[in-house]
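If you read the sequences in order, they're chains A and B. Taking my numbering, the leading residue of the first sequence gets 1, the next gets one more, and so forth. Taking my numbering, the leading residue of the second sequence gets 1, the next gets one more, and so forth.
Everything labelled a hint here was simulated from the structure, so no lab data went into it. Predicted model only: the values in this text are computed from it and were never measured. One thing to keep in mind: the hints can contain errors.
[Stated by the list, open to error] Under the rule of at most 20 Å between Cα atoms (straight-line distance), these lysine to any residue pairs were calculated in the SDA-like manner: (1) A/K126 with B/S35; (2) A/K126 with B/A196; (3) A/K123 with B/P36.
[To be verified] Pair by pair, the computed Cβ-Cβ distance ranges are: (4) A/L298 with B/V114: 34 to 44 Å; (5) A/L197 with B/A46: 25 to 35 Å; (6) B/M28 with A/D171: 49 to 59 Å; (7) A/P14 with B/I106: 33 to 43 Å; (8) B/I106 with A/I154: 30 to 40 Å.
Ideal Cβ placement from N, Cα and C applies to all residues, glycine included.
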Amino acid sequence: MHRFILYRLLYAVPTLVGTSILIFVLIRLIPGDPARLMLGEGANDEQVNAYREAMGYNRSIFTQYFEFLKRALTGDLGNSLYTRRPVLEDLGARLPATLQLAASALLVAFVLGCLWGTIAAVKRTKPSGMISSMISLIGISVPSFWLALMLIVIFAVQLQWFPATGRYGWDSVVLPAVSLGLGISAIFARMMRSSLLEVLSADYIRTARAKGLSDRSVLFSHAMRTALIAPITILGLEAGSLLGGAVVTETVFAWPGLGQYLMNAVTYRDYPAIQGVVLIAALGFILMNLVVDILYGLTDPRVRLR
Amino acid sequence: MIARIAVSDQPRGKIEEADKSRSNRSVMYGRLRRSPSAVAGTAIIAGFLLIAIIAVFYTPFDPNKQDLRAGLQGPSLTHLFGTDEYGRDILSRIMMGTIPTFSIAIFGVAIGFVIGVALGALSGYMGGIMDGLAMRLVDIQLAIPGIILAIVIVTILGVGITPLILAVGVFSIPGFARIARAGVLVTNAADYVEAAHSIGASNTRVLLRHVLPNTFAPIVVQTSLRIATAILVASSLSFLGLGAQPPSPEWGSMLSTSRDYLQSNPHVAVFPGIAVATAVLGFNLLGDGLRDALDTRLKM
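This is chain B alone, in the form it adopts within the complex (with noise of 0.2 Å):
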């Protein structure tokens, strides 16, 4: 370290944060890359992104093009995982499926997460009325279910994949918020905050640059989980008929579908619906590694 700060003009103060900051990070890698579950969920997510790339170029057949002919067919060489009732292939609309209802899960959770940390961080950082209030707006929201705000929501709105994002985003803003809220307020109380005003630093500069920065961690692990339960709940939308409509390929909708045929051709129902656990688990899984990874206490 010495020889170091000897050959370099940096102040000492500024190489040895770098340093810090280097090391917690590669800290952090490297406990994402031990972790099973992080590796894991990485890994699950990775596989839907690529098939999302896939499929805009490459899809085993049309997704959309019907062949009532070939209806209702199960698995085979030909149709991996059978055809739905127009005798559409099941594999090829569940990989153009990937894309409504991986961008429908993350756009919403991107409007919540904006509105959520925005709402929390300010309530924490001010506190007194706004962090009242603010409060009180979030626990408003919250004594309405979930999915019976979604609801209310997608009728308002009309039924579609924006309405859809609109509503999962309302529906995710609660989480993030209480989130920042605890972890600015924690972080508020620290030492360098007090310093950066006392060295003149403005509130803004304090709040992005030292407040926001420090909470980040929690909030990260919340946006994975976040994103799973939005898949869920956008594919239990769709399924009700309330969010992607026919003849989109997304999951929840072709579950939805799937009911008329659940007697005779149960196979119509299996892989839509395994595809939406398994985005899931994924999620879940890197939320979990997220949270052993970044959370100290928890190694503590």
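With the rest of the complex left out, here is chain A (with noise of 0.2 Å):
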């Protein structure tokens, strides 16, 4: 168990050396003097100069990797040319507000993907099981950003339930959850129908029925237990794509988290911004897949040894 572990700690060490390379090379692609930028319209090209030198901006492009990976592995991603604050003190004031919203959502998305998933399995013939696999499908083809829109003027405009922007309380919230949450619903709705009717078709669950058990009890205390397994291994994956994938639900909404953040970062040119927020979203992203990965190995004993 602990050379899987190992193996698979070591596998992503390509990963992340390979993804800071990239987005060290995309952020220098982006049009602009990042020292010009910081110092103001004001500097005069001496300055710049010895502001470049300074942050070795003249350097050889393999010596500032080198430099940039160095202060990334000690936490300085450099300071914000917007905020002037470093730009891990913003993320990390940032960073709560992000991982409420995923949370939030990815509870919204699978309770509500395993009830409609469960529906759509157990009623497939019936009329109530196609509406479910219909709306599923819906909820996979709305923009999260027009419902947003949508859910704002219904529930924030017109019954004034829920505020429409800001994080101020625990129902400011609920906006955002459901209409980042609904979207991503449909692919564990997807993933509960096809493990509920593998499952369904099982000889333990035959062996249930011939007991005499009800549909209820076979469904709920056999069929689910296993089922549920397919849908929580993607939990993991979806909470790492969420924590970047937010961006349009948080500037619908003006939620205070990355997404809203990196935007404003894309406005100013803030390119130590937009490197801090990718590398984040993406270290996340690598470490919820690792962690998935190891879950999986310990309780799958089949996945430890391929």
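Bring the two chains, given one by one in their own frames, into a single complex with the hints.
See below:
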């Protein structure tokens, strides 16, 4: 088991290094001179050159990358050109909001997805099952930002049940979480449906039925337990991608998370901030994948043998 | 069958192969026609393509003509979907917006298709270091959330439709690469591939004539589903102000400007959103239908 975990950890290293190189290169491809942006329009050429020298922008790209990596490993992601604070500090202040939104959206997605998936599988040939399948297909097709706008119109403007924007109390997370979670619920619904259909045709379910158990008992006590493993597995993967994927929802709801920070950074060509968000999002994704892989190996011995 | 061979001067193997491929194809079309998802999806997509063609020649009003006195009118018999803040007819703009929206998605996915399938197929076929390198590249790209990568690409290339197409293209590469590689790995192990090698066929010929055509089913399914995702990503970027710019009637761009009028005139946001959702639904339905029709394993 230890060898499996070690192998998985080592396997993540090239991806991490490769991702850091990709991000480093991409950020340097953004047009504009970061030194001039940092010092402002009023700075003269001498000051800009001095700053470039101090920041190492005049050195070779390889030296710059290793300097960047060295600083990043010690938690120094540079200073934001817009807020003038260390990027890591900004990210630290914004991360809880994104984590709260991601966790709430995942909860909405998991509960609704499993519900729809179960109905779609159990009532496969009946209208309710087909409607359930259709709802999940529509869920995956509706743009989350449009759903967000519609939820604001109905529940914030018309009914005034929830605030339209910002992060104030528990109720302010409801609309962003629903608009983000509804699309992802379709993924859980499909997973749950196929998983439950497979389980329902298994021998032990036939045995349970033959013993005379009621449909409800067979479903909840026997089938659901096994069928839920598949959607639970993708919980981690979805969590990883949600850390960075909530950009649009955060922008619509003025949710003070990483996504909104990224959009501000893009507007002001704030290179260190863009770099910081992309790094954190990628790191989150790789770590979540790693955790899921290891957990999967712990629960399923076949994975360890591969 | 005997009678047909007797009257034909073609070698028997060729006739059987043609018969088999014809029957496979007709079975596939039969399945597609019977699949409600595929039929509904095709109908929706065909509807939008028809609208795009009509929009080139006719729209109820000039999609870009402003009439400030007629601004923010609700749906009526004159303006079925109402007017926007500049008095432009929303229906005409949605009709015209089909062209940029579909172009971005289709051309973007085409870029991802060509690069992704080539990368995945070569990676699966060659194996070894090439495979390891290509798949690490895919892993690296997948580590950055798609929408964030697209935002960074647009920031590098500048806003507009062409950068958006490229961003969608890059976004689509890993999906195609993985599917193509998986298909090639399975097909590569088949006896007929070994037979082709043993009669001296070159690697290029084996890959292009024997391996790739037989891995096409999942790639076709992926293409339809990817176009659906591409429409969502492109409209999201335009919504964020990073894609098509006003006065382009691209649907995401229309939704972006509608935000300011949500409280007083929500109709400005309703119709472009329905257009995006319906188009995405069409490609998702087609993708589902294709999967049912092409994937024989599912049938089993």
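Now the hints, each set against the structure:
1. A/K126 with B/S35: Between A/K126 and B/S35 the Cα gap is close to 17 Å, so the pair holds against 20 Å.
2. A/K126 with B/A196: 49 Å, violated
3. A/K123 with B/P36: 18 Å, holds
4. A/L298 with B/V114: 34 to 44 Å: Given about 40 Å between the Cβ atoms, the range holds.
5. A/L197 with B/A46: 25 to 35 Å: 31 Å, holds
6. B/M28 with A/D171: 49 to 59 Å: 51 Å, holds
7. A/P14 with B/I106: 33 to 43 Å: 34 Å, holds
8. B/I106 with A/I154: 30 to 40 Å: Holds - the Cβ-Cβ distance for B/I106 and A/I154, about 33 Å, lies within 30 to 40 Å.
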